[in-house]
Amino acid sequence: MKLHPMIAALRRHKAGVVLIALQIALTLAIVCNAIFIIGSRIERVNRPTGLDESNLFLVTQQWVGAPSADTADGVEKLDVMQREDLAALRNLPGVEAVAPTNSLPLLNSSWTGSVSLKPDTRPGDKSGTRTAYYFTDEQALSTMGLKLVAGRAFNAGDVRHQGFRDNPPRPALIVTKALADKLFPKGNAVGSVIYSDGSGAPSTIIGVVERLQIPATGSWGNNFTWYSTLVPTRLDANFTRYAVRTKPGQLDAVMRAVTPMLYKVDPMRVLDDDSVKSFADIRAKAYRADVGMAILMGVICLILIAVTAAGIVGLTSFWVGQRHRQIGVRRALGARKLDILHYFQLENLLIAGVGAVLGVLLAIGLNLWLITRYEMSHLPVLYVLVGTVAVLVLGQAAVFVPARRASNVSPVSATRAA
Amino acid sequence: MFAYYLELGLRSLKRSPGLTILMVLAIGFGVAASMTSWSVFRAVSGDPIPWKSAQLFVPQIDMWGPSGRDPDGEPPNAMDYTDAVALMRDHRAKRQSAMYQIAPSVVPTGAGKHPLNVSGHAVYSEFFPMLDVPFKYGSAWSASDDTNRAQVVVINSKLNQKLFGGVDSVGKSVNLEGHEYRVVGVLDHWNPQPRYYDVVNGGGFVIDADDVFMPFQTAIQADIPNDGNTNCNAVPEESGFVGLQHSPCVWIAYMVELDDAAAVQAYRTYLDGYARQQQASGRFSWPPNNRLRDLPAWLESQHVVPSDTKVSLLVAFGLLLVCLVNTVGLLLAKFLRRSGEIGVRRALGAPRAAIYVQFLTEAGMVGVAGGVLGLLLTGAGVASVGWVLPKDIADLARLDVSLLALALLVAVVATVLAGLYPTWRASNVQPAWQLKSN
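Line by line, the protein sequences are chains A and B. Counting from 3, one number per residue, gives the positions in the first sequence under the working numbering. Counting from 91, one number per residue, gives the positions in the second sequence under the working numbering.
Looking at chain A on its own, in the form it has when it is part of the complex (with noise of 0.2 Å):
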């Protein structure tokens, strides 16, 4: 079929042409930039955060009228009190391991630093890798499921304890293998020393672990997401946080089971009802603003491409109104059904084909746009391919009804008056 008479026809409605090109373009553009967000995000909420997250939860409690941190001896009664709870739950029916910790991947509290190949860095040093500490015992582990991938897990006599807000030197470590590779790219990072936040004091790395999350969701914490730090420390404060792993099948009643168990301690303490959360919790809240993203983003997707749809079908069914006549004549004249139908069709793919090339062009634009403004990545050209096959071949089914009903029209009508 030759395209000179169909764009000869186009030029007798550009009005309609012009529309239905500009809202394919429209459409392409925004589904393309909008089905990335959701593709990011999904991405984002589905990465692993290196734990074995079933059966894990976290308890979060503070003491009431508790020794101030600040004095030695202080120090050394919160720690007490702490280990009288850690060996209050490790003694509960159903627990695995408890280990204690200052937060856990996902929740959005963290303590962060950094580790440097060099004693005594001085503030501003750039030199320092970012890293997030996890401040924690010998079970932490098999608490949190972490795979060891060379050196030793903690053992009793590594483990120290601290006031909250005290430094004291940090001699063992546990990191993550991206951390290791990142400060030993030859690998030989077990048994290296290094030294965090710009101490003086040699910390070495006696294990790596596949691989840890940092507890920051939030873009600050882009660039060093996968750079945990774990310490044998026991953090001592008036609160505390413990990470309870709990037999297969008994996290619930566990759960239930805590917070009864911390008042029989001690019922100076306050605990409520966020106190006791599961790690399924946790991740829930902290990727609910992804999620949600993803399914306004969905959902917006589905009425432009259904509006589009329709206006195609709408203007279309219009022109095969406006034609009826001259698909008559030619019908008439010898066009066989199939002829009428590849007419639209090919018709409707020139239009969309001229939109989508516009559209193509919006997406980038918009993509640019969208990254000088908020924190956005570039598009990927599989984006905007998949999008351009996906809204011609929404053109081509809009278009197969009304197209279908022109290749209906009797030869006979070429007769009678429009």
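To be clear, the hints were calculated from the coordinates, so they are not data collected in a lab. Just so you know, even glycine gets a beta-carbon here, dropped at the ideal spot from N, CA and C. Every clue listed holds true.
Computed Cβ-Cβ distance ranges for the label pairs, DEER-style:
no. : chain 1 : residue 1 : chain 2 : residue 2 : range
1   : B       : 499       : A       : 67        : 54 to 64 Å
2   : B       : 369       : A       : 227       : 34 to 44 Å
3   : A       : 251       : B       : 156       : 55 to 65 Å
Based on the hints, put chain B in the right spot on chain A.
Chain B alone, transformed into the frame defined by chain A:
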């Protein structure tokens, strides 16, 4: 005549119900999506204290120097203890307050009750008049209570309800972290969003209001530590909360009230003078790099409005635009299909203006129908943001008369605008040509 056009429009819309329903649906969904996003955006980007935000300013002091600045040269967004206390001592603004977030535990009286955790801020007495904080009972503490480190607190009505059953509790005592404090005031409902006086902690939007306020120096003396962010560019040399106070770590929010441009200028000069003085004494080794932003500019600089909200609004308005382009196309089809009818009317003497009125009336009818559908869908949309968006933001999105009126207005205005081009085309129909071709 208008009634006649309404009737004509209705008849025409009934003639092609499919096309009509399509247009109404497109307008309805487009309006609903954009209005729902707008309600969220409006909620998070609103001015939390519109009558006064132009007089409230947040000073920033560059106590870290070049190595601690952001890539764009911004000084830290909070203050260290040294500067906060020095600025309070100098007292150069009309009103001012340093503040830090606290989370003490409260021990209720009565057996069998477990202690509970409350959140609050340690502030100076001028905090309350500066921010027009409403009191239900009693009042703020006095300036002398600030200097004397009086054992007093202001609590909010929720905590008052919990501890005292909601009665006037002024003069009664509250046990915070094991110490007794006298209640001097009970706040009326007050939970501004964003919580503009301390956006560095909590990122702006917080679900629960502050339960307790206590004098800054009283909290420092009682060793009630800060609960919010602590940002350090070096490890504190001394340990403990006292060590934090002596360190250059930043953890204190600061706000001042300045009435006019002259006062703002004077305060700027004062801040620069302060920094220069610190430079002279050797504490800073860099020239002054201070900031003094009014509240709206400060909220903007701290990115209080989540970028997701802005992107959603943008995408939703894009959807509305596509719906309108769609409506233009469908109206065009609809109107031009009636070229014959237009030709007859024109031939019988109807002026172009009459054609205009007739077809714009028809477009307006589609707009009203789309608007009504849009209203219903906006209602559903606002009701369902709760399970899509985070609670702190979703709770703020509200359905009110102004939103509904706006939805209807947008629908009608947009549809009439969309109808302009098709109407113009319709009015240009040549009567002779139409009559002849029939």
